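Take a look at the letters that make up each chain.
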Amino acid sequence: MGKSVLVVDDEDIITLGLSNLLGRQGYSVSSASSGGEALAIIEAMRPDVVVLDVLMPGRDGYDICEAIKRNPDWRGSRVVLMGTTSRPSEIEKALALGAVSFITKPFSANELIAVVEEAFAESGRAA
Amino acid sequence: MIEKWSLRLRIFLFFALIGIGAVAAVAGGAYFAAARIGPEAIPHLVLTSGGAAFAILGLVTWVWLKFDDNVARPIMSISRDVRAAVHADAQGDIGGDAARYLGFLAPAVREVTGALKEARTEVEAAVEAATKEASRQTRRLEAVLRDLRQGVLICNLEHKVLLYNRRALEILHVSGELGLGRSLLVFVAPQALSHAIQRLTARFESGRHVEHEDGLTSLVVVHTRQGGRTLKGRLTLTLNSTNERPVGYVIAFDDVTDEIAAGVWRDRLLHDVTADMRQRIASLVVAGDMLAHGGDLSDDERFAAEQVLAREPKTLAERLERLDLASGDLIAGAWPMSSLFSPTLLSCVIDRRSERREITCEVIGNPLWLHCDSASVVDLVDRIMNRVAVHAGVDCFQIGGTRSDDHAFIDLIWAGKAVPIATLDEWLGEPLDEGVGSVSGHDVLSRHKTDMWSEDIGNDRARVRLPLGLAEDYYDRPEKSQVRIPERAEFYDFDLAASIDRATINDVPLKALTFVVFDTETTGLEPARGDKVISIAGARVVNGRMLRGEVFNTFVHPGRTIPAASTKIHGITDAMVAGADAIEEVLPRFHEFVGDAVLVAHNAAFDMKFVTMSQDACGVKFDGPVLDTVLLAAHVFGDTESLTLDALADRFEVVIADEDRHTALGDALATAEVLLRLISLLDGVGVRTLRDAFEVSEAQAAIRRKQKKAY
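Sequence order for the protein chains is A and B. Per the numbering used here, the very first residue in the first sequence carries number 102; after that it's consecutive. Per the numbering used here, the very first residue in the second sequence carries number 197; after that it's consecutive.
Next comes chain B alone, as it looks inside the complex (with noise of 0.2 Å):
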């Protein structure tokens, strides 16, 4: 019991018990002298005793006063900085100048933890050697990861996101955010991964997987939850080190939504077009059998059989011509075509030269994006070019692309008269280089869906001609929202804990758990009175590390104007939200970003009002967890301390960038930054799992209340 009493208390008992006792020894002198001496005496006893015992209190009082300003507090302080410098590593002024009549206690101190610091300092550098080389292997890594056209995920079996590269939140980013610790299954649907996985473990099991040609690995086909999106890709499940059993999978795939949608509209006209043929060119062989040998046909009969004549050819004519579209496509689908800038193809055709003559070429025209592929473009230009100038006599070409409504030309001119097409097609049916595969140039014609002609264009001058497609990507691409992603994000985490049930979280560690720590900013400080938020930000925290990579950051639209007095606090204009969503739709989209981790703020409770305000009329429910930053300083360092988010970052010597401090971003991080530094603190006062930081909150809540009811 007594341990548990403060050390000012303590010392505050001491005294009274000094001036209790003094007290008492005094009447009790007074008592036995009054009993000696006499009655008569009792007056003098009486005021000298009491103002002896006067003179005794007050000096105890006093001294206690001196001490419990000079001593005490110091001691309790000291402490305290004691306690965040081992635990949080911050590194203040401790004891400061109360602590000055301690002696060489806070000197001392000091020093210690100096050392302390110092000896982390050593250790830090050695970790940091140390792990110099695994963190160059690691970027590496990254860097293959990020670069890859595939997405990639690494997922425990529960589904939980341990690592995913760039290429995967821009795929998955169309149906959530995506991040670590996450289950993908928010993502996509559970159906082929949970059959893959399962086929995998029977493989793996039974022992096949050695003799298996696929191994542990096998073909998904995966539908996203939203965007109605098509992945299709390998999954590969990975072994525990001893390769005893499966403790997750792999997966790297591919948005395959278009080619399967052009593969189904392929299939389906092949069948339509197919059958729809059949049926017609029987109409036509009918009616033309009715017509040769039909020397006794009603007129209805041969009317109706003329009409058959007339009409099917035309919608046959018609189902050529798609089909015709399609095989084109299927032609260019099998070739690598891309998007090829102009300039490019030019300047590799003029450094093509392959039959060496001394040609000079000047690029005319405007820069385009064209589709095609560039290689054997550029040897099919190489070659007439060649060609021409033997035909024409000329080593001085114009050479350029021109835009025409939907597709581009290649122009190749020179001073002289046009090939004639006779001897174009020659050329074009010549084998081209080795280089593309022995075609010629026809084949590369008829891959690209185009020709090539040569005409006079007057002042005598003639050029060859070359259409080709635009890149309509370049042209037409919609504005994407781009994901904003540092260099160095977080994109991977392989200790995060196996699949944490609502039921019992409240006795997962703190460190383990998955955080979002936020901040809003908003019009002003009562919901009540129609106040809105104009700005939410969150930051994931996971096992421990504040994941920089993935943070919810949105200016919010008020739907009424923001006074000016609050703009002077964090600086947001009406203009700055004019193109903002409005709650309805932020909120739900942060409620996903939340997911099922736990929210922290820093005064939770006014944050949580502005969200539990709006989040019906958004159909979202907050209805998780939350915590409180201030209410667990405030356990740490107790009440007389200031516990503005300033001050502990101050005191954990968070940086928060002057432009950054009251955004709802900057502040979401430096609360995050302080919530680290707190949960190793708590961890120090027996504060492990979510429950005990309920606990703690809730008396931290209480006093407040107390106090409030007080005033």
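Chain A on its own, in the form it takes in the complex (with noise of 0.2 Å):
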């Protein structure tokens, strides 16, 4: 199985770009709509690194992230998150929590590669 990466976010159009635009860059992307949804995934196929929004109805981004982090089983996951703010406090807080990153929305398409690349790299450095 090749590079694994979990795209979560309510915005359908969202994860349907993002999953098309890292497809295409060989990743193997599954997608999930929601905080509860991911975390069934993250449970039945463990990806390498899951691209998380933070704000998302029910439980948020910082939250799943912080599951992931509390799990010892899916420790594995490296986690980049999606904000909306560039707030030096939001970032702080997201690497507080665990993520390997934080990424303002918007981005481009070239930015979320290097992000999830990098997030790769710190992946295989854990590992």
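Simulated from the structure, these hints should not be mistaken for lab results. Please note: incorrect hints may appear among the correct ones.
From the structure, some residues in chain B lie toward chain A, with a derived Cβ separation under 10 Å [unchecked claim]: (1) E502; (2) V504; (3) A506; (4) P509; (5) K510; (6) L512; (7) A513; (8) D520; (9) S600; (10) H603; (11) I617; (12) H644; (13) M648; (14) R661; (15) L662.
Quick caveat, the model's predicted, so the values are computed rather than measured. In this text, a Cβ means the ideal position worked out from N, Cα and C, and glycines have one as well.
Starting from the two chains in their separate frames, assemble the complex, guided by the hints.
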């Protein structure tokens, strides 16, 4: 199995677009439209990288990120958080909760690819 | 004519008359004797009468000298001393030893002046008692004015400053030396002030102010002439005691330069961003439409549309980012953010204990200056501490601040696990106490443009972290030049005369003039041979009062070494002037300090020589009137008395501390005191206006020029 990425966002067009974009980069991409759904997929598939939207109804991105980092079995999954602000305090909060990086919407395809590749590099180092 | 002759001259003439009369009588007697006795007696008569005349003249001269020494001179001395005692309140040893042959005159005069002094003391005591209450009230007013964060000025209709407070001095100091009696228009542009006064006067004259909601008050925005500051405040017209006509105005103002700059920036940003975003969204819509319905697009057209789709969202994101920042500033700007020392914040949290739990708190970390709304932050931290105490079952916390680059963290640490983010979010969603307006923790965080989270920090310990801004003021504040203001400075004078015109200044009474009494210290006595000013100081004398709060005092870098011989006199060394400004910087500042005041110095010619030699290079001109206390004192005391500053200070009982003597400021202040007493004395001898003072000074200067020639 190749490098796997899970894209989580409640906006369908984002999951669709990002899945398409990352798929074209050769990643094996799955997607979820809510936090709960994401956790189920993580449990089943253990993706290498989770690209996670911060603002979601129900359990938000920080909550899911923290849940991933708290579960010893899931710790191999690197989390990239997508937020709508670029305040330093928000970024520090994301890193404090275990995310490897924080990317502010809107971002370009290249920016996202760079961040995901960086996450894989982290993942490689961690492994 | 005869009344104008001095006592000594008249007595001399009197004795001369006796001498001449006696000689004439002897000569007359001898002539008649010769006529009677015959020519053979002439040789004897010449001999005896010549001897007698010589003896008489000798005796008369001797008596005259004794009389002059023991009567005439002491009487003149007594009269000078009495004059000094009456007009200038000096109390020396009247008559001194010289008056010992005048019998009871000297003691009697001493008794009279003593009684006068006593009577004065009594009057002064009475006046003091009567004014004590008034001055207590005044002090209270001064204290209020001093502590006001707003600048307050009271001016007359000629914009002359009658009162200012410390804050006004701080705000306006950027553009020069504010002082009583100086025109406010030196500091601020006149248009807005004049317009407001004109409007309010019209409102007053038509009687509309009675009904008008603002009465005699109007909002004004004025700009400083230098420094580009904008002041916003309220101007209120003041009326005379019978409320018949306006006599001046009060203006209370703030420096709003920074706020206005921020507002202008925000407005511009909002305009730019919204206009620009419309434009870019329009492009996106067109490009999207082209691609959606464009089966027949050429390659170029498709490429162009795709370019727009790739480029425009990025630009839109940048604009949004700026808007986000601006909105954050708007939110933060609306709340009472202030600088706060972290130990204060932490002790407030510890004292807060809203839920009365038994919690022990240890303060850790370094003290920091924070920028926040302390009340809401204290409530938030208190709330989180109480929730964590229950959630984690702990009653022992460490609380402290740490600095990280450009911001600070407030950390709440306990033994246990981090709080799940969802739980923390729930707590933050709850309303805080009513004391902070029923806002939630989230509201407090967004007000501070910050966030909060919990994390494990190892060793089975966890923390809640709250990033806060640092008070940049306290870390980046540039060294401001501090205005030295004595505790009880004279900040007001409501009796200032109406504007004095240069043309009519000569007729203004000395007592009503504004003087700047100054002194310089120099490297030597000869400016023509390269001697330079190393210190210059001035004090303002307004309406017969010396304003100790308005002094000019600075060292000057002479651009050369200071000879040891001159250091011995004034104590100023090369090291002391090393960091000082050059005369080219100092003199324009001094020129501004002087304004249209009359310059005064002790031996003014000397100081003026140094000043005028440098003025061309400094681009200023000291062409106003100048008075010399040496010449004025010479007119009062005569030329025979010592007229040094020390002698005059001694005579007038002006105390100069040893360490201040021969410092520019010490000597300037002493000269100012001497000037005030001289003005009183001059009044007694009919020298009342500036013109009179010039006339007597010129006469004294002429005498000196003659004496100089004679040598």
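Chain A contact restraint on H644 (chain B) - CB to CB distance below 10 Å:
holds (9 Å)
Let's test the interface hint: is any C-beta of chain A closer than 10 Å to that of V504 (chain B)?
violated (14 Å)
Given M648 (chain B) as an interface hint, is the shortest Cβ-Cβ distance to chain A below 10 Å?
holds (8 Å)
Chain A contact restraint for D520 (chain B) - C-beta distance below 10 Å
holds (7 Å)
Under the criterion of a CB-CB separation shorter than 10 Å, is S600 (chain B) in contact with chain A as hinted?
holds (8 Å)
Is the interface hint for H603 (chain B) satisfied, with its Cβ closer than 10 Å to some Cβ of chain A?
Hint on H603 (chain B): holds, closest Cβ of chain A at ~7 Å, below 10 Å.
Would the stated hint for E502 (chain B) survive a check requiring a Cβ distance to chain A of less than 10 Å?
With a closest approach of 13 Å, the E502 (chain B) hint is violated.
Hint validity - A513 (chain B) Cβ closer than 10 Å to any chain A Cβ:
holds (5 Å)
Supplied contact hint for P509 (chain B), tested at 10 Å Cβ to chain A:
Constraint on P509 (chain B) satisfied, holds at 5 Å.
Against chain A, is R661 (chain B) within 10 Å by beta-carbon distance?
With a minimum Cβ separation of about 7 Å from chain A (threshold 10 Å), the hint on R661 (chain B) holds.
Under 10 Å is the threshold here; is the Cβ of L662 (chain B) close enough to any Cβ of chain A for the hint to stand?
holds (9 Å)
Next item in the hint list is I617 (chain B). Is there a CB on chain A closer than 10 Å to its CB?
For I617 (chain B), the interface hint holds, since the closest Cβ of chain A sits about 5 Å away, which is under 10 Å.
Violation of the numbered hints given earlier is confined to hints 1, 2; the remaining hints are satisfied by the structure.
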